[in-house]
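2 protein chains.
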Amino acid sequence: MRPKIYLFGDSITEQSFGDGGWGAALANHFARTVDVVLRGYSGYNTRWAFKVFDRVFPAAESGGSEPPLAVTVFFGANDACLPDGYAAFQHVGVDEYKRNLHSIVSSLKNRWPKTLILLITPPPIDEDERLRHPYAENPSGLPERTNEAAGAYAKACVEAAGECGIPVVDLWTKMQQYPEWSKAFLSDGLHLTGEGNKVVFEEVMKKLNEGGISLGNLRVDLPALADIDHGDPLKAFQ
Amino acid sequence: MRPKIYLFGDSITEQSFGDGGWGAALANHFARTVDVVLRGYSGYNTRWAFKVFDRVFPAAESGGSEPPLAVTVFFGANDACLPDGYAAFQHVGVDEYKRNLHSIVSSLKNRWPKTLILLITPPPIDEDERLRHPYAENPSGLPERTNEAAGAYAKACVEAAGECGIPVVDLWTKMQQYPEWSKAFLSDGLHLTGEGNKVVFEEVMKKLNEGGISLGNLRVDLPALADIDHGDPLKAFQ
Chain A
0 MRPKIYLFGD SITEQSFGDG GWGAALANHF ARTVDVVLRG YSGYNTRWAF KVFDRVFPAA
60 ESGGSEPPLA VTVFFGANDA CLPDGYAAFQ HVGVDEYKRN LHSIVSSLKN RWPKTLILLI
120 TPPPIDEDER LRHPYAENPS GLPERTNEAA GAYAKACVEA AGECGIPVVD LWTKMQQYPE
180 WSKAFLSDGL HLTGEGNKVV FEEVMKKLNE GGISLGNLRV DLPALADIDH GDPLKAFQ
Chain R
0 MRPKIYLFGD SITEQSFGDG GWGAALANHF ARTVDVVLRG YSGYNTRWAF KVFDRVFPAA
60 ESGGSEPPLA VTVFFGANDA CLPDGYAAFQ HVGVDEYKRN LHSIVSSLKN RWPKTLILLI
120 TPPPIDEDER LRHPYAENPS GLPERTNEAA GAYAKACVEA AGECGIPVVD LWTKMQQYPE
180 WSKAFLSDGL HLTGEGNKVV FEEVMKKLNE GGISLGNLRV DLPALADIDH GDPLKAFQ
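If you read the protein sequences in the order shown, they are chains A and R.
Residue numbering for the first sequence follows numbering that gives the first Met the number 0, starting at 0 and increasing by one per position.
Residue numbering for the second sequence follows numbering that gives the first Met the number 0, starting at 0 and increasing by one per position.
Just so you know, nobody snuck in bad clues.
One side of the interface only, derived from the structure: several residues of chain R facing chain A at Cβ under 10 Å: (1) Ala30; (2) Asn44; (3) Pro222; (4) Ala225; (5) Gln237.
A few chain R residues that don't get close to chain A, going by computed Cβ distances all over 12 Å: (6) Ser102; (7) Leu115; (8) Thr145; (9) Lys182; (10) Lys205; (11) Gly211; (12) Leu217.
None of these hints come from the bench; they were simulated from the model.
All of these numbers come straight from a predicted model, not from anything done at the bench.
Glycine included, C-beta positions come from ideal geometry on N, C-alpha and C.
Can you make the complete structure from the sequences, with help from the hints?
Written out as structure tokens, the structure reads:
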């Protein structure tokens, strides 16, 4: 059986197999070695994510399979919705957000002690763009998310990773190192463009590599064409 | 557990999670309902594919899981390599190709009687482009594949599907209905451009829909955001 990498997160994960998406890019990179399994749930915050944890990752006795190689945990964009904006029902306070991340990581570690768990912070927010692309009626004229709030959740996520001793991609900080980050990386002030997807893919790849998960260390599923003897092809399949 | 759709084929399947790829597009379309599982093996013909069948689809007793919803079987581009060209080691005669397709389909039907099995014919070939993009030294000055040969295999594939009573996407015929099919759909006279991937995606989607596999008939994995009560979100997760 091929090993798996699970992508667990919100809409930025659920949409990651769209054109140029970071999830599809991972699946393509590991095409002959790993199954990349999509577990993205649009709109979810860490409170809801933890509630459904056992349904997302069924225990071995109920049909769950081998320990995955890695799990990306990519939440916070919805937790960081402002508590008085139109998306307030998705809001989770930053302290609870951090506790929930700890709970999710602990549950993964308990189940699969050797699996690489990788946290990803929410991306930065472009507030003007959020006003141009609301996903519900917004008569207030105020954005439902701010970059400052997203930054506080990103900081909490980085701290949680440090406390758990696991790697983290600080997307909020990384993206803002580029001029024009909003236009380059965000399609609606929150979700990712092709270039934004590329940043996530490259940062996730770096952390997987650092954790020993790379093509050089993985078994290719069935003989590669280059290893098939032109004079006696069937030998490779015995 | 989410149901699965397996994509079983050669390089045109293995590369299907690349940018704009038909496999990624399927995974994206079914993001909350189905796991699309990549089982593409570059360079493989049906003889090799049948040899490895039990390793690609492990039987239930050795960790194989629930019957998949569907399996796409997309071979022929390598079988159709000319028997006297530089890729002759991949060649399989058209009669054996058809028998091998029958064997693969029978094995799938035996294992999973209710699974939708969908054959896909090889795409058309642009011989001039193949000479410009050889994948091995080719001093002969002749292409290793011809469109005529690919057409014979496509015809055999369509016949096999008819004999097995299963659906088929006749990609060879479909693509050539468009003027400029080579430039539009093929990147190197054989593999697919973004537009070519779109044709495969759309044709596969049609057949899945006709077989009753569509978002309207599938269970969404965990509550959709639209079904979550803003006043009492946790109710949806009880």
